[in-house]
Structures are given as structure tokens and as C-alpha cells.
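Please build the complex by placing chain B on the supplied structure of chain A, with the hints as guidance.
If you read the sequences in order, they're chains A and B.
Sequential numbering from 1 applies to the first sequence in our numbering.
Sequential numbering from 1 applies to the second sequence in our numbering.
No wet-lab data here; the hints were simulated from the structure.
Here the structure is a predicted model, which is why all the values come from computation and not from measurement.
Be aware that a few hints might be false.
Stated by the list, open to error - Label-pair restraints from in silico Cβ distances:
(1) G259/A - E715/B: 42 to 50 Å
(2) P86/A - E715/B: 20 to 28 Å
(3) A253/B - T16/A: 34 to 42 Å
(4) R91/B - R383/A: 47 to 55 Å
(5) E634/B - S171/A: 46 to 54 Å
(6) S55/A - A667/B: 30 to 38 Å
(7) E334/B - V372/A: 30 to 38 Å
(8) R383/A - Y25/B: 37 to 45 Å
(9) R611/B - V255/A: 29 to 37 Å
Claimed, not checked - From the derived model, a few chain B residues whose C-beta atoms are all more than 10 Å from chain A:
(10) H73
(11) L135
(12) V266
(13) H379
To be verified - Derived list of chain A stretches under chain B, where covered just means 3 residues or more per stretch with a C-beta under 8 Å from a C-beta of chain B:
(14) 62-75
(15) 81-89
(16) 128-142
(17) 275-285
(18) 342-348
The beta-carbon is built from N, C-alpha and C at its ideal position, and this holds for glycine as well.
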Amino acid sequence: MAEMGGGRTRRQGLRTHLANIYRLVIKELRGIRADPVMLFLVAYTFSVSVYTVASGASTEANNLTVGIVDEDRSDLSRQILNALNPPLFKTAELIAPDRIDAEMDAGRLVFVVEIPPNFQSDVLAERQPSLQVNVDATAMTQAGNGAVYLQSIIAQEVGDFAARREAATASPVNVVIRARFNPNLTSAWFTSVMQVINSITMLTVILTGAALIREREQGTVEHLLVMPVVPAEIMLAKIAASSLVILLAAGLSLVVVVGWGLGVPIAGSLTLFLAGAGLYAFSVASLGIMLGTLATTMGQFGLLAIPVLVIMQLLSGSSTPMESMPVWLQYTMQFISPTPHFVAFAQGVLYRGAGIETVWTPLLAVAAIGAVYFAYALSRFRRVIFGA
Amino acid sequence: MTGDRAVASRPEPPVARLAGVSHRYGRTVALDEVSLDIPPRRMIGVIGPDGVGKSTLLALIAGVRVIQHGTVHVLGGDMADKAHRTAQGGRIAYMPQGLGRNLYPTLSVFENIDFHARLFGQAEGERRARIDELLKATALDPFEDRPAGKLSGGMKQKLSLCCALIHDPDLLILDEPTTGVDPLSRGQFWDLINTIRARRPQMSVIVATAYMDEAQRFDALVAMDDGRVIASGTTAELLARTGERDLESAFIALLPEEKRARHRKVEVRPRAGNDDGVPAIEAEGLTRRFGNFVAVDHVSLRIARGEIFGFLGSNGCGKSTTMKMLTGLLPATEGWARLFGAPMGTDDMETRRNVGYMSQAFSLYGELTVRQNLELHAHLYHLPSGDIPGRIAELAERFDLADVMDARPESLPLGLRQRLQLAVAVLHRPAMLILDEPTSGVDPIARDSFWRTLIDLSRDDGVTIFLSTHFMNEAERCDRISLMHAGRVLAVGTPQELVAAHGGTSLEDTFIHYLAQAAGIERVAAVPPPPESAESAAPAAPIPPVRRFDPRRLWAYARRETLELLRDPIRLAFAFLGPMILMVAFGFGISFDVENLRFAAYDQDRSPESRELTEAFASSRYFSRQPSIASAAEMDDRLRSGTTQIVIEIPPGFGRDLLGGRTPEVAVWLDGAMPFRAETAKGYVTGLATQYARDLATRRGGPSAAASLNVINIETRFRYNQSFKSVNAMVPSVIMLMLILIPAIMSAISVVREKETGSIANFRATPVTRLEFLLGKQLPYIAVALIGFVLLVLLALLLFDVPIKGSITMLLVGTVLYVMATTGFGQLVSTFTRTQVAAVFATSILSIVPAVNFSGLMVPVASLSGGARLLGISFPPAWYQPIAVGTFTKSLGFAELWPNLVALAGFFLLFLVLARLLLRKQEA
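Chain A with its partners taken away, still in its complex shape (with noise of 0.2 Å):
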């Protein structure tokens, strides 16, 4: 059988890697198919929970508590508190001065109105009285929109209310503002589709993690490499049969439920955001596939996937602004991960429309940041399988 021992120089050919990785795709597919805890998971995932978190917890200011201390108790301090209704406000509560501190402090009023004694009065003797809005500073999502709402309502009720009397001047320029790509600033259209983001780099670090461990513990990678297989066949295959799942999973998420069960827009190409999920489904993948090299049984990568999967969604600009950060730290997470990257892409080709020559610098970060997990992984592939 010397004739075996000549051929080992025989380089494969990259036919063989294709046919290899294929086949080893096929097995990672009926894999996923036999795990309805993981298929009713990202079924959930992508369904059920895109559509609650949308509908449900938003940014927009609304249901705001606002409490009114009415000194005055005039036409026009009525005409105020009438003027502060749902859905913006729950009905405004009429309170007494002594009760401003009980009613904050226990977070009951987020918003009191103090209207001075002799406020109407004084608006039409034109002596400008003060009107005080306090603020529970610490309902941070709506101290700030809710004080300016606040005030422009205030401000045209009194306005209105002047105007009636011809006690005011209009201003000299007309500022209109529009938003594009969102017109009525509807929270839904953000947290929906970035809930899908969110879904894609968790449930693919879960899913390829999870396929690596599960192979270590039961001994099965072993057996893979026994035969003809290399390790990064191995890998690729687990990363693509993951991707594939997840793409498909995105696909009917962002047609069916954010479509059409959201009613959302959606602007741009959906094939080249799927195109440049795919390539971030690579490179979360290979995260995963990293992960599951660092972690020696299920519980550890458990414990390692949960703070990884938490600072990558929360510092990506997928929750609040990337420019709200520190620069030190919007550098660091567009170094170390390519969800920024990835967000800033979905976010130009979902919302804005933008085809391919405006975002592929996201999409080049993307494939760098997964490339150098990848190789990380495959260097440590071997070597921890075996514990050397």
C-alpha cells in the first residue's frame, strides 16, 4: 500500500473544499431541522417578538403625567390644562402646591405646571409673567421631548389666547421643520426593523455557537476530523447553513411583519440588504464560532454569549444615537464589532434608500471585522478541541 503514501502530496482542490462544505451544510440543515427548541426560537424571535417590542415599548413621548398647580383659576389657566390630553398626556391632574414634592418624588407626576396667581391677568397687562414646569429629570427618554412639548403648547395656548386680545407680535421668520424618511417620527419604523438586527446577532452567535459546542461535547468534531475535512470546511459550513437560516428567518421577518404587520415602509432594495446581512451573518457567525472556542461547555458560553450579545446591541446605535457616545468608545465598538457598521447600513438602505455606492464603506467594515474572527477562530480551532 505504498502507493497510499505517495499521493499525500496531493493538494485538494478547491472542487473538493466546495463538495465538502456542501455536504457538511446539508448535515448542519437537518441538524437545525431536528431542534424545534432552537426552530420555535428563532421562529419566536422573529415573529412574535419583533412585533411586541415595536409595538409596544416606544421612545415616543407619550402617556406623559403631568400634574397642574392652577393659583389663577382663569379662563385661560383652564384653556391650558384642557389643552394637555391623550395620547400625549394622561388627563392632567389638578393638585395642590403642597403635594408638588410627594407626587415626584415618588415618580407618581413626571411633569407639575405651577401657573402663578393673577397669570391671565398679567398676560393681558402685558408684565410677562413667569409660568414654572418642573421636571423629573430622571425619566430620561421623556423629561427632555416632554418639557419642549410642554412648552409649546403652554406658549400657543397663551399665544392663541393673546392673539385673541392682540397682545402679541408674530415672529419675523417662519421655521418649518420636516423630517425625511420618517415624516411623523413613528418609533415603530425604528424599533422594528432594528429589532430584526438585533435578532440576526443574537439568534446566529446562538445558533453557530451552540452547533460547535454541542459537536465538541458529544465528540462528533472529532470525528470530522478524522476524516478528509479541515477545519475550516468545518467551520464555513456550520456559518453558512447558520446564515442561511437566519437570512431566510430575516427576509419573512422584514416582508411579513414589519411590512405588513407594522405597516413600515421600507425604502431601499431589500436584496441588497439582504446581500449585506448575509455578509454580517458571516461575520457574527464567526463570532460565534470564536465564542464557542473560548468556552469548554454550553454553560460557558452561556455565561460569555450574554454580555458579548448585550454590548454589542446596546453600543451599536441600534438603542441610542452612536454620537451620543463617548468618541473613545464609538471608536472602540467600530473597531472590535461590525454591528455599528451593520446598523449604519440597514438604517441608509431600509430607511433612506441608499443604494450600494453610498453604504459599501459599512458593508467593507463588516467583512474586515468578520474576516479577522474567522482567522482568530481557525487558529484556535485545533488547538482547543483537543485541549492542548
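Frame of chain A; chain B shown alone:
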């Protein structure tokens, strides 16, 4: 023997009596109408291969499993009766199956026994004395401080035995105590049991074993197959009944007719080939180290083509590692190996085609069918696709798999699965097979059929077979064997040569001789079992009544959990670094302060007035100015790419219109892609526009003109957070989030990992109560969470400059109650999750969603309505959030916050009661 009853005819009442006991796991029947009496003061062996119901039988007798059907009386009472189990549980000791399954690998030998002693409420002096005595008796005393995980298999089993014997039990139940242990240690183990029985003759012992040879020494045997007792009696009786010479043959003879029909004896045919020419395997000085540990120490081998070569040795002696090096899975640290004359390289695809490998555990894909598994391997070995169906059909025929081709391997019996693994290993017609313990746990009939196949492969197809085994009778069938111990080869030769060289009678004796020689010990003669006259020994001492709640047992668990946690760097890092890293990320990252908005002007007027307006906007501290825009197309492009977020579009003739008092219109475009940001930007723009108008009016007509623009003054007071920085509100909220996420995950894992590793058996088999177990395991995590809290507060004070304005005592009391509730929540989750990964994800999803969305972190609770509000208040974070935010920012104290404390204490009690109700002391 006519029935299953009465193993021995003694007048004494049996120590255990089973009547009509059946047990099922789902659709699988583990025990089928078993009726049996176990006589006292005897050593009774339960024999049979894996999966016949031995473990279930033992677990039922030990009281660690719920009795489904039938009655089990042990030590004079009904084991279905909780009062009896509680009262008599302390007289039973149970050692579960698996090497060191009830041990804690990071705890030292002493700490392991000490933990068990504490569970039986022994005082300090008594514990020390008993442990010393046991350690001396088992010769473990030199290793008192070694972690249990670093012991050899035999030592682990001796340590397990010490733990079981710490409270002088009257009934000792051992489930396969010697599986995977080398014959020398096995001999020592039984000597030890005999010594203890000699001292305490009133003790009864029930042992399950798959080794027929060691079962021969027991007082009496119960043979089991398929959940039924097929025979019972002494070894001599069983041999006499079947007319066989050894127990294994006797066992086969006792099997039901239809099973026996399939059995044919294994016949080893002589090997035809000559041994000259290039050997199949040649290895010289093969060595493998893992860190300081030498797994394989200079092993040299020569295996001829077509030879069946056996590797004999205990678990962990380096067999598997050597085999992995020869398959190319693992690079050698030193030495070299040649397969068919070619040097071995780890990435050598060609040698891989020559080798078929079968690893120790079943390692095919459970989620693929038998056919899919075979196809996958055929494709990966690149068999020509035309030949694949034929080859698979041929293998199905040869390995008798035709009936199960579309079944999943996980549903098949072990023997069949091993045949499938062998079929996969030979699929690509390799010239050599490397089989790592291929028959471990397989029943004797399946094992013999497996061996016939191996012999055919070797003798007919000239395949070289290199296998490892524990079984001496299998080793005797090999052409040559190698005895291995502690990484070294002790001897190589044909079985006959080895036995002859030593002058012994059996291969086992020979092996023990070599092992003893290697370890440098003289094997002490076995202590004979206790003589009959020992009956006069003192009766069992009355055991003290078991207390319903014993703080010592609670403390034993708390102490052990702490020790384990302190030695687990991954969990410690998660406990302390996790919250700090997340706090930094949240604190810096989650900010609702919208700043650095990218602003640009599209000025089509270019008049001094338009520049003035542009300046008014550009000077805002919230905006960062970008180059001006020249055309409508550019504006569109820049908004689309996101490089500019706010554009002020000034129309031509703006300056003229303004000066002419014609109220020109100016458009401001916002990027609405992120609504929250746009909403805030809108507020800024409105403010800037008002300011601009006011400045303009002042300059033109003096203060009175400006005043007429502003009918009133609106003073906005940002309370509690004057600088209106997100971080002041965010930091206390993140503390709230971290103190549920991390402690809940950790306490959930602490219970679930006991289920995974098997040490939960100690909870089931000892008098510790559910409440003691839960509270004991909760205490360390409350402490860990409080340390984490202190670290978070330090971060808040030092890194984020967020001071505590209110009562520190209040914050502390609130936090203690909160982490008591959140760790309790983790324990509650642990009662219905089975794996650590499920526990981690279930706990995080269940806690993060309400904590982030419905507890005041994103939206004030007062603004929530309906289901969201209900969800919020039925979970601890919504009650702790006002404490954290209130004490940090609002200067609040007990007067305002006491109802929240009451609610948190209520949650702690609720979770504790629920977890206690859901936690099962017995397995289903």
C-alpha cells in the same frame, strides 16, 4: 430456583423487599413487574449489561426516585412514605453511577468527605476522627489536599465510598462502582468493602456491575435483562443451573430463548499473513503532554498488517490519547509514528483515508438517520457517487442495519449503535481500524456479534485492528495486547505469552501483577468476607432522630457552594467583572443626551441675513458643523448617506424678504431614520428659532419689541438631575438591571449544574431538606451580589461622578432585600430548566424584558398602562427602581420608600416558597 423471591433462605426479614415494581421513562420500560427480596448482611450483586434497569432498581431502593408502580419496602418501612424516608434515610448510603459523579471536582479529598459529614450533622471532632479513619483505610491519606478532579478513576471511587460510609450506613447501595477502573484498584476497592463489612457485619451491600468476573465473588446475584429479573442465586447455583463454566456464558444461557438464538460463540481463527514487510503502525517514543501532565509517556509500538492489537488499561491511562495521536487528531509532543511506512502528519488527508476511527463515546449525529449518517461519511470520503448506494446497501446487509436505516441513532439500543459506528468506520474500506473501547456497556450477545465482525475483517479482508478494552475476555481474543498504565506501556505480547511469563493463571492476575510492580506495592491478600459468627456483633446503634430543619446542613451547602465558586474563575469573572463591564457599557453607551448632530446649511441666498441665521444654528452646542451644501441633489445625497443629519435650507431672497418684513419661510430638514434623535433635534431647532427671532427683534426694536414676542416666561426646572445628564438617571437604573441579571443567572446555574454533573444525587440521598438546600445555595450568591453592588456603587461614585444624595442605609437595606428576591428568582427558574445553557438564556430573557421595559428604566412606571403595568409591578425590579433612583438622585429615605421594602421582602418569600414546592427531592 423457581421464583424471583428469596435469594437466600434465611429467617431474618429482608433488608429490602420489592413487589410488582414497574418503572417507565416515557415509553421506555425500565423495570417490568419486578418482585425481589434482598436478604440482610449480605453482599448482593445485580448483574446485566447497560440499560436493563439496574440503576433504576437501585435508585428506587435508595429512595432517590419516585416509585411509579408497586411497593418497595426498605429497612422495615415503605419507601413511598415520606416520613419513613426522612426517618431512615440516614441509614442508607447511595453511590450513583459514573466515576466520581457525587464528588465536587474542585474540592479537595478532605473537603468532599467533610461536606458529607456535615450533612449528617456531625460535630467538628467527630468529623475529623471519622475522616482520618476512612482516609487511612482507603490509603487516600497522603492525598488529603488534592482536588477530587485530579484523582485517578480508582481513587475517585474510593473517595466516593468514603463519602458514602461517613455516617455508618446499614444499607450501602453502589451503582457500578468499578466501571472504568483498572483491575488493581478494583481489587483494592473490594478489599476495602470486605474490611468494612468485617467491622460492621450488620451492613448490607447491594452492588450493580457489568463485570461478570468480579460478580463471581459476591454472596448472591440477581441477573437482569430488559427490566426483568431473569435469575437469582449464588454464583455456584447459577453456574450449576446452566452448566457453564464462567458467569458470562451462564448469563447468556439464562437469557430468553429468542435472544439466545441469535448468539453464536466467537471463534478466533489463526492469522494467515506473515509479519515481515512494512508494519501497519510503527511508533517510537510517542509522548503527549498537557501542561505539566504527561498523558502518554514514550510509547513505542509495532503493529503488523492484519493483526488485532489490543490496548488494555484503565480510564485515563493514556489509551485514548495514544489512539488520537495515531489518527492524526492530536499532534505528538515528542516521538514519531508511521502508518504504512509514511510519517504521520496532523493535516495529512491521504493517511486519513487509510484509517477508520471509532471514538469512545457514540459520536455520530443523533439528529441524522442511520442512512443519512452513512451517506454523509461516504460523501466526505469522496466515494464515487455512483458506488455510494451500493456500498451502503452492502454495509446495511453486513452489519444487520437494514431494518433501522431510517431510524435516528438515538432511538437505537447501544449494541446497534456500536455496529453503526463500526459500519461508518469501515465504509471507505480503510486498511486500518482504530477503535476506542468499542464494546463498553454493550450486552454480551451484541459484544460477541461485534467481535465476529472484527475477526472477519481482520482475517478475510486483512484489515489491521487496533482497539482498546476493559474486558479481559476480549483482550484474550487479540493477537497481541499491550498493558498500559499511567501513560506507559507495561508489557506487550500475545495474551498467552504474558500470562506464561508471569507464571500466573489468568490475564487479569497478570495485569494486576504488572500494575502492582509499576506502582511499587505488594498487593495485600484479600480480607475474607465476615464469618457467619459475626452475627453476634452489636446491633445497629439507634440513629438520632432527623431534625426537620438543621442550620448545620444549610451551612454545609452554603460553605461548599462558596468553596466551589471561589475555585471557578469563569463564574467569578462573570459575577464581578460582568456587571462592571456592562455598567461601563451602559453608563457610557445608553445616553439619551443627543449631541454632536451633524448640521449643514444649504444657503441659496448668501446674504448677510442668511449667514446670520446660519451662524445662529451652527453655534449651538448640540450641533457639529459640516461643510455647506451647494445643491438640492447634494442635500439629498448627504441626508441619504447619513453624513448630515440636519439641513437648514434658506431660500433665495431671504435677506430681502426679512428686511422687507415679509416673513420669509425657512425649511429645516431632519434625518428621521432614528425617531428619538429627530424628535430631540426638533426641540433644539424650535428653541434656536425662538432665540433667533428674539435676538432679531431686540436688535431691531429694542427690548420691548422682543418682549412682545414672548407673552410669558416659561421657566423649566429639571429636578433631581439639574444638569440633565442621562448618566445620573442611567447609573442607578443599571444597578437595578445588573442586580437581577447576574445574581439570578448565577443562582439558577448553581442548581442546574448539580443536575448536569450529577452531584444533585447528594441532595436526593441525604437528609438535607429542600429548604436547607435552597437557602444554603442562595446565601453565597446573595453575598456575591452584594459585593457586586459595592463595586457598582464605587463605579458610580468614582467613574461616573453620580453621588448618593439620599439615605445610604435605605439603599443598602433595599439592595439586600432585592438580591434576596432576585437570587430566589434564579432558583425558581432552575426548578424547571435542565441544562445550564437553558438556565442562562431563560433567566436572562425572563428578567431582562420586564426589567428594561416595564420597571421604569425606559418609561416611567406611571406612564405604563394595562398589561405592561401589571407585568412591571409583579416583578421585583419595578419596586427596586424607585429605591435606587430615589436614594441616588431624589434624596429619599425610609419615610417614602418603606412600601417598596415590604414588597421586595414579599417577593423573596414568594420565590422561596414556589421554588421549594417545585423542587423535587426524588427523581421522577
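Now the hints, each set against the structure:
{"no.": "1", "hint": "G259/A - E715/B: 42 to 50 Å", "result": "holds, 46 Å"}
{"no.": "2", "hint": "P86/A - E715/B: 20 to 28 Å", "result": "holds, 26 Å"}
{"no.": "3", "hint": "A253/B - T16/A: 34 to 42 Å", "result": "violated, 53 Å"}
{"no.": "4", "hint": "R91/B - R383/A: 47 to 55 Å", "result": "holds, 51 Å"}
{"no.": "5", "hint": "E634/B - S171/A: 46 to 54 Å", "result": "violated, 29 Å"}
{"no.": "6", "hint": "S55/A - A667/B: 30 to 38 Å", "result": "holds, 32 Å"}
{"no.": "7", "hint": "E334/B - V372/A: 30 to 38 Å", "result": "holds, 34 Å"}
{"no.": "8", "hint": "R383/A - Y25/B: 37 to 45 Å", "result": "holds, 39 Å"}
{"no.": "9", "hint": "R611/B - V255/A: 29 to 37 Å", "result": "violated, 48 Å"}
{"no.": "10", "hint": "H73", "result": "holds, 40 Å"}
{"no.": "11", "hint": "L135", "result": "holds, 30 Å"}
{"no.": "12", "hint": "V266", "result": "holds, 27 Å"}
{"no.": "13", "hint": "H379", "result": "violated, 4 Å"}
{"no.": "14", "hint": "62-75", "result": "holds (count 4)"}
{"no.": "15", "hint": "81-89", "result": "violated (count 0)"}
{"no.": "16", "hint": "128-142", "result": "holds (count 15)"}
{"no.": "17", "hint": "275-285", "result": "violated (count 0)"}
{"no.": "18", "hint": "342-348", "result": "holds (count 3)"}
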